[in-house]
Amino acid sequence: MMAATNLLDKLWDIHEIHRRQDGASLLWVDRHLVHEGSHHAFAKLADKGLVVAEPNLTFGVADHYAPTRGTPQSPAIARMIRTLEENTSKHGIECFGLDDPRQGIVHVIGPEQGLTLPGLLINCGDSHTSTHGAFGALAFGIGATEVAHVLSTQTIWQRKPKAMRLSVTGKFGLGVGAKDLALHWISKLGADGARGHAIEYVGEAVRALSMEGRMTLCNLSIEGGARFGLIAPDNKTFEYLKGRTYAPTDSHWEQALEYWATLSTDPDAQFEREVAIDASDVTPIVTWGTSPDEALPVSGRVPDPDELGAYESKGLQATLDYMGLTPGRPLDQIEVDQVFIGSCTNARIEDLREAAAVLSGRKARVPGMVAPGSMMIKAQAEAEGLDRVFIEAGLDWVNAGCSMCVAMNGDMVAPGKRCASTTNRNFQGRQGPGARTHLMSPAMVAAAAVTGRLTDVRPLLMGRNAA
Amino acid sequence: MIGWSNHTGKAVAFDRENVDTDQLIPARFMSTPRADGYGKFLLHDVRFDSDGSPYGDIALNNHLDASILVSGKNFGSGSSREAAVYALIDFGIRVVVAPSFGDIFASNAVNNSLLPARVSATDAAFLLSVSSDGAEGISVDLDHMTISTKDRVMNFDLDPVWRKKLLNGWDDIDLTLNHQDEVAAYREQLLDNQKWRFPVATG
Ligand code: SF4
Chain A
29 MMAATNLLDK
39 LWDIHEIHRR
49 QDGASLLWVD
59 RHLVHEGSHH
69 AFAKLADKGL
79 VVAEPNLTFG
89 VADHYAPTRG
99 TPQSPAIARM
109 IRTLEENTSK
119 HGIECFGLDD
129 PRQGIVHVIG
139 PEQGLTLPGL
149 LINCGDSHTS
159 THGAFGALAF
169 GIGATEVAHV
179 LSTQTIWQRK
189 PKAMRLSVTG
199 KFGLGVGAKD
209 LALHWISKLG
219 ADGARGHAIE
229 YVGEAVRALS
239 MEGRMTLCNL
249 SIEGGARFGL
259 IAPDNKTFEY
269 LKGRTYAPTD
279 SHWEQALEYW
289 ATLSTDPDAQ
299 FEREVAIDAS
309 DVTPIVTWGT
319 SPDEALPVSG
329 RVPDPDELGA
339 YESKGLQATL
349 DYMGLTPGRP
359 LDQIEVDQVF
369 IGSCTNARIE
379 DLREAAAVLS
389 GRKARVPGMV
399 APGSMMIKAQ
409 AEAEGLDRVF
419 IEAGLDWVNA
429 GCSMCVAMNG
439 DMVAPGKRCA
449 STTNRNFQGR
459 QGPGARTHLM
469 SPAMVAAAAV
479 TGRLTDVRPL
489 LMGRNAA
Chain B
13 MIGWSNHTGK
23 AVAFDRENVD
33 TDQLIPARFM
43 STPRADGYGK
53 FLLHDVRFDS
63 DGSPYGDIAL
73 NNHLDASILV
83 SGKNFGSGSS
93 REAAVYALID
103 FGIRVVVAPS
113 FGDIFASNAV
123 NNSLLPARVS
133 ATDAAFLLSV
143 SSDGAEGISV
153 DLDHMTISTK
163 DRVMNFDLDP
173 VWRKKLLNGW
183 DDIDLTLNHQ
193 DEVAAYREQL
203 LDNQKWRFPV
213 ATG
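Chains A and B supply the protein sequences, listed in that same order.
Note that my numbering has the first sequence beginning at 29, numbered continuously upward.
Note that my numbering has the second sequence beginning at 13, numbered continuously upward.
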């Protein structure tokens, strides 16, 4: 009898071309996604006089520096986008540039175009490549040297990570979802809690998530230290993909479906680590600090350095100083200066619907920006009238891109300003030098917009059809 | 890449946890060509005030000749930006010592000959305290996996694959070219059996 294997084992085995004695595996890469930040890798290629091995398996997109309004905000930004377009065209790589209706954030458009499929190995020079694991793909972020390696060989050397299973039983309450779950487990395990592991998310509550929710969950794996997040594909996955531009068709679709049905963990398979969470314990959550694990239910209070040991209290005090917070303050009394809805974590159509469900017929007390994850999502949201909801609430409705998630395109939170944000990193300076970021779900950001402070969204959903 | 097995230099502490890659190099500097040098961007917003004057209480600013950086757990967490490693290298750092590292950062480091040396929390605390205002003569030995100060020798941890890469100065692309035939055979087999893996646009 064959030994029971988990999903990670299955995906690893099928991609392994060679395993060295020291344990490093040479893996085949099915899809390689590049963006403006890949310029270092293309420069390495040029240095070594190498060509791109598989241009047809490589796709480019302008997102990190993409202007959300009109034209690039500086010559240096324009140059980054132009360099991507030149590099991809020189190497015969299809690129979704600024004028392409398929343009958007790399981890949003991969699935949207059907480039992301179960059973593939997907690499991108971006740590949130873990997002694509929501489809049962082996997807992980790589650095520039590795990008150059994938470009020139279509393979990657990698040590197999340890397998961790995160089981989420039970059901989420109203107004609680994937983002809350992710921040919840990261706050329990720590920002390096899953380091060295690939996390397979299982259980009733994970199954109940839409593909959008699953992507949010896998996206945030890296914030808990895991380079890989995985969810076994099911009918929801297949329905999402059927008919997408690059998804297989006809006999290839049938062949793929047959294989995809095998992509799950065997009942007796082992994991190096098991973590269990009850979905009913998860409540709306916000970050208060400068690391994603510094998160608490919005009903909580800012932690107090006096209650910690000397070493931790020193770090905590520095964090509170940066964030401009005083110990013991109720989180839902923290006033915000602005809001941002966007990023590869939470700018898909479902995220926009959730935010609109809260904002509909209400006014935002603070300014803010809504940047859809792709131009296709933008068009869909407009067809559904969501843009009207945001605009009538007083928020800016802009073009697709990473925007204020990383502040590379010039969209920034000013020094000392406080932003309620659907993004993935509350690091110091992430949204601009001196910016203060609080991470939360799209519904929670919408609630913060309505009240002007961090707010439990649930009362605002009463009597409404929440998405 | 050039292999190395021993390094002796000045260590300096940056006593914080979760030093993420956005701190190591803020995003706004990343459109700069590498040839311009990334050392001046290292920990920029932590080292300099908004007018660009260095903070005196950041030890790194007073030890620009340091080659070993000692820090807290989860060093290099966050993004995959290899520019974080370039900033360290261009500053002159050869070794970072911490109780744990972000996975992608550590792998990027090794690809640039920078050693991410993992030590126990106790040894990290010791090294942080001795190097709080710079410490000369700290030796790192990749053969024996040790870090030595004048009165203490400590072990560090490193993935054996990475150790070999650092020692030999291996470039992965060259290594992979040795497996060209296997890669070609793998590709053929995919085309025969799993054609659906190759994308074709429809509609
Ligand atoms: S939206 Fe943010 S996290 Fe996602 S790819 Fe862009 S910069 Fe990275």
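One or more hints might be untrue.
[Said to hold, decoys possible] Listed next, the in silico BS3-like pairs over lysine-lysine satisfying Cα-Cα at most 27 Å (straight line):
1. B:K207 x A:K38
2. B:K22 x A:K270
3. A:K264 x B:K207
4. B:K85 x A:K190
5. B:K85 x A:K188
6. A:K72 x B:K52
7. A:K216 x B:K85
8. B:K162 x B:K22
9. B:K22 x B:K52
10. A:K188 x B:K176
11. A:K342 x B:K85
12. B:K52 x A:K188
Worth flagging that the hints you see were computed from the coordinates, not collected in a lab.
Quiz item: Does the alpha-carbon distance linking K72 of chain A and K52 of chain B stay inside the 27 Å limit?
Solution: Holds, at roughly 22 Å.
Quiz item: Within 27 Å, alpha carbon to alpha carbon, are K264 of chain A and K207 of chain B?
Solution: 23 Å, holds
Practice problem: Would you mind confirming whether the straight-line C-alpha gap from K85 of chain B to K190 of chain A stays at or under 27 Å? | Solution: 20 Å, holds
Quiz item: CA of K85 of chain B to CA of K188 of chain A, is that 27 Å or under?
Solution: Holds, at roughly 23 Å.
Quiz prompt | Restraint status (C-alpha distance of K207 of chain B to K38 of chain A at most 27 Å) | solution = It holds: about 19 Å lies between the C-alpha atoms, which stays within 27 Å.
Quiz item: Is K216 of chain A within 27 Å of K85 of chain B, Cα to Cα?
Solution: 16 Å, holds
Quiz item: Going straight from one Cα to the other, do K162 of chain B and K22 of chain B come out at no more than 27 Å?
Solution: 12 Å, holds
Quiz prompt | Given hint K270 of chain A paired with K22 of chain B - CA-CA distance at most 27 Å | solution = Given pair K22 of chain B, K270 of chain A is violated - Cα atoms ~59 Å apart, limit 27 Å.
Self-check item: Distance restraint between K52 of chain B and K188 of chain A, which requires alpha-carbon spacing of 27 Å or less
Solution: 36 Å, violated
Quiz item: Are the Cα positions of K188 of chain A and K176 of chain B separated by 27 Å at most?
Solution: Given that 27 Å is the threshold and the Cα spacing comes to 17 Å, the pair holds.
Quiz item: K342 of chain A and K85 of chain B: Cα distance at most 27 Å?
Solution: 15 Å, holds
Self-check item: 27 Å Cα cutoff - pair K22 of chain B, K52 of chain B
Solution: The given pair, whose Cα atoms are some 19 Å apart, holds under the 27 Å limit.
Consistency note: the structure conflicts with the earlier hints numbered 2 and 12.
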